[in-house]
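Protein chains: 2
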Amino acid sequence: MTKLLSETYKKTKYKLRDHGSRSVNDLKVVIDKVEPDRMIDFYGQGFIINDFEDKVARILGKEKAVFFPSGTMAQQIALRMWCDERKIYRVAYHPLCHLEIYEQDGLKKLHNIETVLLGEKDRLFTIDDLKKIGTDISTLLIELPQNCIGGQLPTWDELSEILVYCKENNIKTHLDGARLWEAAPYYKKELNEICREFDSVYVSFYKSIGGVAGAILAGPEEFMNQSKVWKRRYGGDLISLYPYILSADYYMTRRIEKMKIYYEQSMELAKHFNSVNKIYTIPKIPVSNMFNVHFSKNIQNLESMLIAVMKRVDVGITPYFNELEDGYVFDISIGDAYGKIPKGKLDRCFDELNTQINKIM
Amino acid sequence: MTKLLSETYKKTKYKLRDHGSRSVNDLKVVIDKVEPDRMIDFYGQGFIINDFEDKVARILGKEKAVFFPSGTMAQQIALRMWCDERKIYRVAYHPLCHLEIYEQDGLKKLHNIETVLLGEKDRLFTIDDLKKIGTDISTLLIELPQNCIGGQLPTWDELSEILVYCKENNIKTHLDGARLWEAAPYYKKELNEICREFDSVYVSFYKSIGGVAGAILAGPEEFMNQSKVWKRRYGGDLISLYPYILSADYYMTRRIEKMKIYYEQSMELAKHFNSVNKIYTIPKIPVSNMFNVHFSKNIQNLESMLIAVMKRVDVGITPYFNELEDGYVFDISIGDAYGKIPKGKLDRCFDELNTQINKIM
Chain A
44 MTKLLSETYK KTKYKLRDHG SRSVNDLKVV IDKVEPDRMI DFYGQGFIIN
94 DFEDKVARIL GKEKAVFFPS GTMAQQIALR MWCDERKIYR VAYHPLCHLE
144 IYEQDGLKKL HNIETVLLGE KDRLFTIDDL KKIGTDISTL LIELPQNCIG
194 GQLPTWDELS EILVYCKENN IKTHLDGARL WEAAPYYKKE LNEICREFDS
244 VYVSFYKSIG GVAGAILAGP EEFMNQSKVW KRRYGGDLIS LYPYILSADY
294 YMTRRIEKMK IYYEQSMELA KHFNSVNKIY TIPKIPVSNM FNVHFSKNIQ
344 NLESMLIAVM KRVDVGITPY FNELEDGYVF DISIGDAYGK IPKGKLDRCF
394 DELNTQINKI M
Chain B
44 MTKLLSETYK KTKYKLRDHG SRSVNDLKVV IDKVEPDRMI DFYGQGFIIN
94 DFEDKVARIL GKEKAVFFPS GTMAQQIALR MWCDERKIYR VAYHPLCHLE
144 IYEQDGLKKL HNIETVLLGE KDRLFTIDDL KKIGTDISTL LIELPQNCIG
194 GQLPTWDELS EILVYCKENN IKTHLDGARL WEAAPYYKKE LNEICREFDS
244 VYVSFYKSIG GVAGAILAGP EEFMNQSKVW KRRYGGDLIS LYPYILSADY
294 YMTRRIEKMK IYYEQSMELA KHFNSVNKIY TIPKIPVSNM FNVHFSKNIQ
344 NLESMLIAVM KRVDVGITPY FNELEDGYVF DISIGDAYGK IPKGKLDRCF
394 DELNTQINKI M
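Quick mapping for you: the protein sequence lines, in order, are chains A and B. Residue 44 is where the first sequence starts when you use the numbering used here, and the numbers rise one by one after that. Residue 44 is where the second sequence starts when you use the numbering used here, and the numbers rise one by one after that.
Simulated from the structure, these hints should not be mistaken for lab results. Only a predicted model underlies this, so the values are computations on that prediction, with no experimental measurement involved. Please note: incorrect hints may appear among the correct ones.
Remember, identical chains collapse to one label, so a pair may be satisfied in a single copy or spanning two.
Stated by the list, open to error - List time: in silico EDC-like cross-link candidates among lysine to aspartate or glutamate, alpha-carbon distance up to 20 Å:
| hint | residue 1 | residue 2 |
| --- | --- | --- |
| 1 | Lys-383 | Asp-80 |
| 2 | Lys-271 | Glu-143 |
| 3 | Lys-175 | Asp-75 |
| 4 | Lys-71 | Asp-379 |
| 5 | Lys-151 | Asp-200 |
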């Protein structure tokens with residue numbers, strides 16, 4: 044795969060994914076609406092940060108919330124604190140957990156915490172996977188939806204069973220809710236209902252929300268007060284975090300209610316992909332605003348084919364794909380961009396994709 | 044001390060300290076000058092971050108620079124890496140080093156690194172202090188200027204002697220240059236000359252520079268590449284740091300040349316303070332843009348006296364002070380605000396201070 048694919052994607056007028064290209068404008072529209080002399084946050088203090096923390100705590104139904112520059116920092120700290128509380132320096136999570144694959148082993152290098160991988164890479168873990176590893180762990184981390192496998196979610200009953208098991212066995216539960224907003228429509232639950240049985244929750248503001256960066260960790264008051272000490276230790280207690288907070292608040296307010304629409308659009312778009320020869324999605328019917336798109340291995344020249352289609356119909360399909368043993372894959376997550384594509388263009392995009400693939404076969 | 048002091052300070056039209064009140068406007072003026080569709084940084088990549096890193100590396104005369112959200116993060120990482128290289132988990136610094144008093148022991152809690160305090164709290168450490176502790180340390184951290192004692196600086200010869208000693212004894216040297224910009228006028232040296240003999244350097248962009256937040260760590264290329272791994276581990280490798288980078292670049296460009304003026308104004312202002320009965324500054328003659336102001340213990344009602352003077356002359360002297368055994372102290376660091384005070388107002392401010400103090404005595 045060359046740079047040409049992502050460059051072609053960038054140049055298309057319409058896009059299947061996300062909210063459009065990230066740029067300085069994301070921040071500019073936010074800052075333009077703020078009083079220039081508005082008092083800013085100062086080392087975690089001030090209305091600008093504390094009001095937002097309170098707002099998100101209420102949404103998630105937790106006692107207290109603390110704003111962090113990143114989820115990486117917030118989640119490592121949460122796990123460390125639960126380990127300290129249980130005096131067991133061992134946590135369990137999915138093999139494709141963010142902490143395991145994207146954080147250069149921060150949890151292990153900074154805290155000497157052992158990790159136990161549950162189940163297999165290509166599916167959700169189950170209560171049976173959990174039972175197999177025994178109860179000598181301080182914390183179970185559950186990611187809802189599970190990003191790397193197309194945003195899959197356990198059923199509400201499966202999730203509840205796991206949470207009850209943990210409670211019975213004195214295992215703390217942490218919710219990796221990087222994209223939690225997207226899980227609510229499928230569960231037909233409010234966010235606070237989903238969070239209720241978790242001991243702590245992290246949410247992100249730049250993924251489905253589309254803010255500049257930033258995260259919230261929420262949980263019991265004393266736990267959250269202690270998290271501020273760790274935030275300082277990590278160098279995350281910046282003199283000012285307001286560029287992230289203001290944009291998080293702005294985009295959360297505007298997009299939290301759209302998650303149901305994204306979810307419906309995601310099911311619609313997956314149907315389009317699945318109608319094309321040699322393409323299928325995982326999950327087949329999405330349960331959030333995201334899914335993975337798989338192409339058969341016997342599609343030659345996938346890159347030039349995608350480039351040709353994107354150029355012809357002016358719709359960006361994907362800026363990248365990864366090679367697997369049995370094919371190719373990329374992920375789609377629906378944001379504001381999808382709704383802007385005229386219906387006719389979308390149909391043409393998939394007609395063209397179908398035609399090209401049949402031509403190649 | 045009540046809130047009234049800081050509130051009165053905030054309301055004054057003119058101020059002795061800093062660049063004026065920090066507000067959203069600091070960012071707004073920066074963002075307004077940027078093309079809205081300008082491509083932004085993406086996990087440490089992109090012109091917006093890499094060009095700025097290169098620029099600062101050149102200014103500091105180091106092979107490579109990496110932008111961090113905070114100095115706390117940057118410095119802990121630098122010390123950890125030098126400890127790893129030397130396989131000695133012990134570092135030495137001043138008793139009022141930022142890592143020792145403001146970081147909730149992050150260095151110890153996250154890295155299990157032992158610290159050795161050099162000399163006394165109320166003075167710079169000397170080469171004799173260093174020789175006393177032996178050479179079983181991986182790194183010596185030197186803060187230039189030493190913030191907590193009024194921005195004091197060792198003479199160039201003393202500094203050189205310490206750096207030579209470290210080199211001879213295979214001790215790495217790290218420069219805590221949070222306010223390094225301010226040291227250049229006194230030494231009459233370029234920044235790269237000051238940094239030359241240090242193995243690594245950190246500089247801040249929100250202190251004397253007045254940006255929103257952010258820091259640079261600079262050093263040898265391989266060392267800096269490894270620092271990016273640690274930055275990821277800490278959760279400091281944000282998807283976007285551009286709000287901090289753009290403001291750092293903007294204010295650095297505008298203020299780096301003003302450091303000499305701030306230094307001269309600092310000497311002038313210290314003279315004003317020292318002319319008042321029962322007040323003295325440390326150092327008596329500042330060596331940077333900052334100094335500490337001491338009031339004798341026998342000044343009763345210092346707070347109400349300061350409030351009265353600030354209200355009467357509309358010049359903000361200080362928003363706070365700390366109590367010591369033998370008096371009271373606050374720090375002054377000169378920025379753009381000082382130069383905006385009309386000469387007559389400044390004289391009146393100190394006349395008034397003198398009158399009030401003599402009245403009290």
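Consistency of the hints with the structure:
1. Lys-383 <-> Asp-80: between (36 Å within a copy, 19 Å between copies)
2. Lys-271 <-> Glu-143: Only across copies: Lys-271 and Glu-143 sit 17 Å apart there, 24 Å inside one copy, limit 20 Å.
3. Lys-175 <-> Asp-75: Cα proximity of Lys-175 and Asp-75: none, with 54 Å in one copy and 57 Å across.
4. Lys-71 <-> Asp-379: within (18 Å within a copy, 26 Å between copies)
5. Lys-151 <-> Asp-200: neither (32 Å within a copy, 44 Å between copies)
In summary, the structure is inconsistent with hints 3 and 5 from the numbered list given earlier, while agreeing with the others.
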